[in-house]
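Residue numbers (the working numbering), protein chains in the order written: chain L, 2 to 575; chain A, 49 to 342.
Because the hints were derived from the structure by calculation, they are not lab data.
Predicted model only: the values in this text are computed from it and were never measured.
Keep in mind that a hint or two might mislead.
[As the list claims (entries may be wrong)] Derived CB-CB ranges, DEER-like: (1) Leu315(A) with Glu126(L): 23 to 29 Å; (2) Glu113(L) with Leu315(A): 27 to 33 Å; (3) Glu438(L) with Phe164(A): 48 to 54 Å; (4) Ile301(A) with Lys74(L): 55 to 61 Å.
[Unchecked claim] Which chain L residues stay away from chain A? Per the calculated CB distances, all over 12 Å, these: (5) Arg23; (6) Ser166; (7) Gly173; (8) His261; (9) Arg353; (10) Arg374; (11) Ile384; (12) Tyr412; (13) Pro441; (14) Met460; (15) Asp468; (16) Gly556.
Idealized CB from N, CA, C, for every residue including glycine.
Now for the letters of each chain:
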Amino acid sequence: MTAMQAMPPSPTAPAETVLELRELVVRTQSSPAKTILKGISFDIAAGETLCLVGESGSGKSVTSLAIMGLLPKGILEVARGEIHLERQALLSATSRQLRDLRAQRVAMIFQEPMTALNPLMRVGEQIEEVLVMHQRGLSSGQRRERVLDMLDQVQLPDIERVYESWPHQLSGGQRQRIMIAMALILEPRLLIADEPTTALDVTTQQQILKLIKALQQRHGTSVLFITHDMGVVADIADRVCVMRHGEVVETQPIEALLRHPRTDYTRQLLQAVPSLRPRPAREVMSPEVVLEAIELEMRYGGTSRWQRLRGQSGTGKLAAHDISFALRRGRTLGIVGESGSGKSTVARCVMRMIAPTGGGVRVLGKDIASLGRAALKPHRKRIQMIFQDPFRSLNPRLTVGASLIEGPVNYGTPKAEALTRAAELLALVGLPEDALERYPHQFSGGQRQRIAIARALAMEPDVLVADEAVSALDVSVQTQVLALLADIQQRLGVAVLFITHDLRVAAQICDEVMVMQQGEIVEYGPAGEVLGAPKHAYTQSLMLAAPGRHWDFAGFKPLDEVYRAERPGVSLAR
Amino acid sequence: MSPISSSAPLIGARRLRLWPAHRPGWAIIVAGVCLALIAMAAVLAPWLAPHDPLQMSPASRLQPANDTYWLGSDAYGRDLLSRVLYGARVSLTVGIGSALIAVVIGLPLGILAGFFRGLDAVVMRVMDGLMAIPNVLLAIAIVSLTSANLWTVMAAITIPEIPRVVRLVRSVVLSAREEPYVEAAISLGSSLSTVMWRHLMPNTLAPLIVMATYICASAILTEAILSFLGAGLGTETPTWGNIMSEGRTYFLIKPSLIFWPGLMLSLCILSINLLGDAARDRLDPRLNKRGGER
């Protein structure tokens, strides 16, 4: 394995250094001062993409803010170190110089393009404003031409119409394109992208990444790309800088890093990335169907009670249509799809948070789709939910113990008994017993998700519905929570309906997978078939868009090599 | 890797401190002291007051400030200081009482309206109707229809304030009921009353405390207005509004009849509002760091 040593320098990266950070120390201005960045050093060459990778709290965003000179005043300050942009020291620059520098030579794009755009201004005018401020002497006609040209470069359709649009009329991907156009219109030397695709669907994400790459090559811009997603890193980075707790753990060219991580931390980070290859099928535990949906339909708005009485359906939005599936005891069914595909609607119908407008939901053979509040109560016990955001799914004013016993007490368990059981459950999910007395804000995100799982298990349910239950967690924590779910499933035989947009997670934990698009099922079958050899074009496009799909992170080599090793002589053109 | 051991250590205990960590600004301290003094004056009025506030003495009408009448006397020879001190009793009772009643009635109405869409339509239209009538006008109408005593005056002042509480609570409940932990409680089989009382109601407390201080201040002012207009408690009862109303006639001869109750009224309301602002700054999650270490 000598590829790393022999790897030629990237052709797009000449030696000239655009950005240079030397021993940057940032700390809080509180007393006692807390050091956030403990001496960060790296540099970016012209035309190069450097990925800053790390879990939450590693200091990657603070680094980008420090470069932009945007550290929140009175809260964070640079204590030591240097930042040079094209050999100009940024930290000693006057605020006027900094402003010019920020505008002309560095640009930044953010995670959430809706909040970064002014909702009260047409997008074309917003881009034009940048030119008005920083390129005096252009006539309004020339400015408009420049903006239209930029809109064309970021591959927006129908640019004349987009120019006149308001931000809310555009999709998330289109808004991110606008942000990129705005960032690049002054042809900056450095583009800082802070998780620019995290809020986007995979297919949109892939388009945006390609776009950034193409524009970078055309203009020779350097990119500092901040992300937590190793897949994205594998796709776009030239070099990678891994951060942890405010320190640089290691900096390496991408291929070298993926093949031979130097530190244990990077190794763990890579191993925590779930593989896109479906895991081997598990044995069927029991033939008993615990949850069944039959031609489930959910239409939001449009149908009045009067119309329903007369058997008519209105003109509302069909969020889920003709959804049928069966979930057996101890199995995991994954519902996969992009935002707006209706997967969460299905979860809410199954949980009976909302009443489906058609079809049936059977829990242990009993249809609960049209039951009223009181009739529903005995069945609620059988099916429990784990939510996406662990910071909002626990009542902040109740102790963990009070949250855990709420369900059992509702169903008549004496309080003392429920508390004993709650302590056992905490042990089961790997938390100390004294957690019972504490409040949710005293726990980290991963720990809260464990508490939420314990709360659901306290009901001894037959079905767990996990709606994006690990999406908000760092990869290493994600792995732990997924392992915990699998372990619980083995021990208690609970069935899991797992809703996710992450194909990697789906491939690792699901027995069956159901792919949804615009409220309908496009493909449904064993995970090995649906994700291993997708038949439907939409599933295929999802698989193709998955970032880092050519790389086996946990094996530290490209998938090509894995396949070649498994089946000598067969080359897979994946 | 052990799958079920949690890696991150438990974050240290951090509870909401009721006593502020930083010394509050001087304005707030002054306001607090001011309000405390007024409250003391109200509670201790029978002991502090040098004279009976109702004791008329025609011989010493409109006396200037002297050794007997520290702030002078009014047109009936009653001691102004004693009347102002006793006036604080009425004002604070009406203020605190109205705020409490408005919260006690408005909170459940607001929670129910926020939770049930059908009820919402009815309750909120009634509230809109109430809000369309000017507060003082409605209060005068209610007092005129009944006999004026402390309770009717308090009711007359409270009723126009209730819609503000209901609207506030309803809006908080509307957003809080979308929180995942509320949905979790529903799926845990909690009864609606548990969901409303245990999971939704606590969210409303912080803004409600702030609202209550404003209602308190506004009730004190409204009571003074009613008394001044002669629609409040009988003129024999010493209230700040009554004292000013009677003093109006003699304003050119003896302005202190208006000055002292007026000063007390202004100080009282200013203090309550300042403390309300301080409470808002402390309790508003947008101005405060959100719970937890994120």
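Going through the hints against the structure:
no. : hint                                 : in the structure
1   : Leu315(A) with Glu126(L): 23 to 29 Å : 51 Å, violated
2   : Glu113(L) with Leu315(A): 27 to 33 Å : 47 Å, violated
3   : Glu438(L) with Phe164(A): 48 to 54 Å : 35 Å, violated
4   : Ile301(A) with Lys74(L): 55 to 61 Å  : 59 Å, holds
5   : Arg23                                : 30 Å, holds
6   : Ser166                               : 29 Å, holds
7   : Gly173                               : 21 Å, holds
8   : His261                               : 21 Å, holds
9   : Arg353                               : 8 Å, violated
10  : Arg374                               : 8 Å, violated
11  : Ile384                               : 8 Å, violated
12  : Tyr412                               : 6 Å, violated
13  : Pro441                               : 8 Å, violated
14  : Met460                               : 7 Å, violated
15  : Asp468                               : 9 Å, violated
16  : Gly556                               : 16 Å, holds
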